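With chain A fixed as given, assemble chain B onto it according to the hints.
In the order they appear, the protein sequences are chains A and B. Quick note, the first sequence lines up with residues 1 to 88 if you use the working numbering. Quick note, the second sequence lines up with residues 1001 to 1149 if you use the working numbering.
Derived from the structure by calculation, the hints contain no laboratory data. Warning: the hint list may mix true and false statements.
Said to hold, decoys possible - Okay, the calculated bits of chain B under chain A, using three or more residues with CB under 8 Å as the criterion: (1) 1009-1020; (2) 1026-1038; (3) 1061-1067; (4) 1081-1090.
Claimed, not checked - Label pairs and their in silico Cβ distance ranges: (5) A:2 / B:1032: 33 to 39 Å; (6) A:3 / B:1060: 22 to 28 Å; (7) B:1004 / A:21: 21 to 27 Å; (8) A:77 / B:1003: 38 to 44 Å; (9) B:1085 / A:70: 20 to 26 Å; (10) B:1066 / A:15: 44 to 50 Å; (11) A:8 / B:1032: 26 to 32 Å; (12) B:1078 / A:1: 23 to 29 Å; (13) A:63 / B:1003: 30 to 36 Å; (14) A:66 / B:1058: 18 to 24 Å; (15) B:1071 / A:2: 23 to 29 Å; (16) A:58 / B:1070: 36 to 42 Å.
Only a predicted model underlies this, so the values are computations on that prediction, with no experimental measurement involved. Cβ coordinates follow ideal geometry from the N, Cα and C atoms, glycine included.
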Amino acid sequence: MLEVVTQGVLVTLGVAVLIAVVRLVKGPTLPDRIVAMDLIGVLVVSLIVVLGGATDVRATLDAAIVIALIAFLGTVAYATYVERGHPE
Amino acid sequence: MIDILTAILWVAGSAFALLAAVGVLRMPDVFTRMQASTKASTLGVGCLLLGTALQLGDFGSVIRVLSIGGFLLLTTPVAAHVIARASYLADGRCGRGPCSTSGGPMAAVRTRRGRRCRSRNNRSGGASRRPQVCRARGVTAGAATVVRA
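Okay, chain A solo, but in the shape it has when bound:
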């Protein structure tokens, strides 16, 4: 039973990542793209966590921690870049 649920959850999260990628490509402004990038980071963390829980591989949780950290730092860096102003 859990295998079917796991596949459905992974497909749902993949569709969510694809929708966020649509916003990342379409986004009319740079903060829209930053929001989409932040959401993609969180979704990738949740994908890795679900995959680790489904396959009993404990090491994926460490990778999830690292990816969450890098996504946060990237978001803050992009926001600082927008706030300081940039050449068009």
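Relative to the frame of chain A, chain B by itself:
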């Protein structure tokens, strides 16, 4: 029993994550998009992490899952605040450039563009580095229009 609880938590978490993505796609403005993304994705990731902690069960995995959850709960509002602040401030400076917000329910906020722009220039003292950013906005917008045309 644990499998059933895990399945319920995972389905709920993935549904919230999908709702966050749909909100980011469908909302009309940067601030509303950020609202949808932040709240729904935090709840979704919390549900998924609880399900994984139930499924794995041992002490080290639960500690790691709780640390991921605490880290995301701490950093997601900070990231949202930083994006909102950057977008709100850059909106007064860039005119119709790529970092301005366009349309949506926050359009009334942009009427205070000039005042915020002047106060920002006075505060940062960067007039020598970026001279007359506010006054050159019309020229920049005109040049951008020419380039786009």
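Hint-by-hint comparison with the structure:
1. Counting residues of the segment 1009-1020 of chain B whose beta carbon lies closer than 8 Å to any beta carbon of chain A gives 8, which meets the minimum of three for the stated coverage.
2. Given a C-beta distance limit of less than 8 Å, the hint that chain A covers the segment 1026-1038 of chain B holds, as 4 residues qualify and 3 suffice.
3. Judged by the Cβ-Cβ criterion of 8 Å, the segment 1061-1067 of chain B is covered by chain A as claimed, because 4 of its residues qualify and three suffice.
4. Coverage of the segment 1081-1090 of chain B by chain A holds [criterion: at least 3 residues with CB-CB distance below 8 Å; count 7].
5. Taken as a hint, the range 33 to 39 Å holds for the pair residue 2 of chain A and residue 1032 of chain B, whose Cβ atoms sit roughly 36 Å apart.
6. The hint said 22 to 28 Å for the Cβ distance between residue 3 of chain A and residue 1060 of chain B, and at roughly 25 Å that hint holds.
7. For residue 1004 of chain B and residue 21 of chain A, the hinted distance range of 21 to 27 Å is not satisfied, since their beta carbons lie about 33 Å from each other.
8. Range check, residue 77 of chain A to residue 1003 of chain B: about 41 Å between beta-carbon atoms, so the 38 to 44 Å window is met.
9. For residue 1085 of chain B and residue 70 of chain A, the Cβ-Cβ distance of about 21 Å falls inside the hinted range of 20 to 26 Å, so the restraint holds.
10. The hinted range of 44 to 50 Å is not satisfied by residue 1066 of chain B and residue 15 of chain A, whose Cβ atoms lie roughly 28 Å apart.
11. Checked against the hint of 26 to 32 Å, the C-beta distance between residue 8 of chain A and residue 1032 of chain B comes to roughly 29 Å, which is consistent with it.
12. Hint check: residue 1078 of chain B to residue 1 of chain A, Cβ distance near 39 Å, so the stated range 23 to 29 Å is violated.
13. For the hinted restraint 30 to 36 Å between residue 63 of chain A and residue 1003 of chain B, the CB-CB distance of approximately 24 Å leaves it violated.
14. Between residue 66 of chain A and residue 1058 of chain B the beta carbons are some 21 Å apart, a value that agrees with the proposed interval 18 to 24 Å.
15. For the pair residue 1071 of chain B and residue 2 of chain A, the beta carbons lie near 27 Å from each other, so the given range of 23 to 29 Å is met.
16. Roughly 18 Å separates the CB atoms of residue 58 of chain A and residue 1070 of chain B, a value that falls outside the hinted 36 to 42 Å.
Hints 7, 10, 12, 13 and 16 from the earlier list are contradicted by this structure; the remaining hints agree with it.
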